[in-house]
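Using the sequences and the hints given, assemble the complete structure.
Read off the chains here:
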Amino acid sequence: MRVVLAEDLFLLREGLSRLLQAHGFEIVAAVDDGPSLLKALIDHRPDVAVVDVRMPPTFTDEGLQAVLAARRQVPGLPVLVLSQYVEQLYARELLADGTGAVGYLLKDRVFDAAQFVDAVQRVAAGGTAMDPEVIAKLLARGSSREPLGRLTAREVEVLALMAEGRSNAAIAQRLVVTERAVTKHTSNIFTKLDLPPSDDDNRRVLAVLAYLDR
Amino acid sequence: MTITDSVDAAAVRRPPTSRIKRAMLAPWQGLVLTFIAGLNIGVVVLQVDVLAFIGLGVGLLLLPISTVVCRQLANLSRHLAWRWQGVNIQRPYRPKPRFQRGVMGIAERCRWILRDPATWRDLSWSFLDMVVGFVLGLFAAVLLLYGIEGIVLSALWPLLVRHGYNDWYTFVHVQQGNEKWRWVPAGMGVLITVLGFYAAPGLLRAHALWTRVLLKPTRSAELALRVQRLTETRADAVDASAAELRRIERDLHDGAQARLVAMGMNLSAAEALLEGHPDEARALLLEARDASIKALTELRGLVRGIHPPVLADRGLADAVRALALDSALNVEVTADLPGRALPPVESAAYFAASELLTNVAKHAGASRAWIDLSYENGLLRMTVADDGRGGADPAGGTGLRGVERRIGTFDGLLTVTSPPGGPTVVALEIPCALSSPKTSSS
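Protein sequences, first through last, are from chains A and B.
In terms of this note's numbering, the first sequence opens at residue 1 and continues consecutively.
In terms of this note's numbering, the second sequence opens at residue 215 and continues consecutively.
Just so you know, these hints were derived from the structure itself, not from any lab.
Here the structure is a predicted model, which means the values were calculated and not measured.
Careful: at least some of the hints might be erroneous.
Claimed, not checked - Facing chain B, according to a computed beta carbon distance under 10 Å, are these residues of chain A, among others: (1) LEU89; (2) LEU106; (3) LYS137; (4) GLU155.
Claimed, not checked - Straight-line Cα separation of at most 25 Å, BS3-like style, residue types lysine-lysine; simulated pairs: (5) A:LYS137 to A:LYS107; (6) A:LYS137 to B:LYS576; (7) A:LYS137 to B:LYS508; (8) A:LYS107 to B:LYS508; (9) A:LYS192 to A:LYS137; (10) A:LYS107 to A:LYS39.
As the list claims (entries may be wrong) - Computed list of chain B residues with no C-beta within reach of chain A, every gap over 10 Å: (11) PHE341; (12) VAL404; (13) ARG461; (14) VAL475; (15) ALA476; (16) GLU501.
We put the CB at the ideal spot given by N, CA and C, even for glycine.
Shown next as structure tokens:
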């Protein structure tokens, strides 16, 4: 799988590149600023890009801007954005075009290599990987409102994992239950929230996120 | 000069009530001014006598008292100029220093009074207002009444002269046998009433403006007041930033630093166990990893408290939007900012918004809130409104006081309207310049 990597700090870039290569990814370009990231994304059309938000020349949200610009030219270009902090505002902007293939994670998540690699693969396959912190904030906002308040504690747990972009199988593994149980929970959730049921993981996530975001 | 310009621009606004209401009120307000002019006679006599007696020593004892009287009357006039005419006259007096006890204190007190130019300007105003206030006030008061008198005279002419009325109204002699002039007083009366209707408010306004000439601070007094304000806000700013640094130091010491120490210890213990007890080593390594995640989380919180990254990235409008998204309330943000303010101003406004939103969530019992950001005439304006229960008191909580102090450093102003039952609207204004916008990031 071909990866474009963008990170301005040498140590982190090397670390990420080593981690990804160890898991069978091929780094086709490793860049350290916004303009060269945009160029690399357009030139290489990677299977997935792993991008730091804050980079030269302005040291603001350079990486995010480059990614958004690239996705305007190549809709659905898979990108996983990493950051020292997560903002719902940025998550919204990434999800806004509705094409999926988007990840937005705290840098700490890299520490758990297996989870991180899973997220990269999910995004590359057109799925979503939202940081639990983003989801927690979204849920906190809605928790007092109907009908979110009607979900059971377990259903909220499943909803959160679903919103992060995980498949039923992954949720089942995470919660140590059978996949059948998860399917039952998800269909309950969709009924209670009055969302159109969907087997497609990706469309399901977008529906859930859109629901939480309104 | 920017200071005086900005003060002068705010100094005179449109009178607060409608034209008709003003005309109706004018005679009574004129009467009050006439009365004040009368009081001024007393004040001048009192103050001049006290000053004359300073040589005898008694004056020194009486001066503080007579000055209080003098200033009270001047302050009343300043207040009325604002209330009735919208003419803002700042109090010019020098701040009161700490006086010693005893004789030295009295001397110091007198020195403070006598060296303040405002004392002498007050006295000159009192002296001149005996005439100016009396004339302007009296005209405003009697024009209307005198006009009405003419109309009444004409209407009741036969009745009046039969009972022996014999007097002049303007140039008309109202008496038996002069009936050909009967309706002239009415005509004159209407003219005078109309004149009074239009002129009286003008006369009162003229009085307010005249009052401003002598009762406003001189340029140097204005600067002295400004220096005083700057000294206060600077002290606040220094205190606040020192407290902030102490907090950061403590948070780092108890948080991230402590966790890094623990991580180091875990790692060296793991190294020692690696050969003989790999399972225990693994557990320690996992613990070290968790500690690093916790340290990062704490550092993130700390950074947010110092300067939120989204504020640096996107500027005030988006940072406030991000705040709104994080809030438990339903917050609507509208923003119209043609550029970015300097980072310290942005930061002050951001933390003000954050504090106000927290207040709303904690105390207002509100379900919705609105934040509006705009920029006009060199003022950055932020309004935070909610649909809560109201009754917020700037003096009560430390929150609003804190916001006031924070923006005070930039000469910002905070106004709170929060009637019981709501809604609460907090508005703040910070004078600042906006830089040209960065290339837009949609």
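- Which hint numbers doesn't this structure obey? Of the numbered hints given earlier, the structure breaks just one, which is hint 4.
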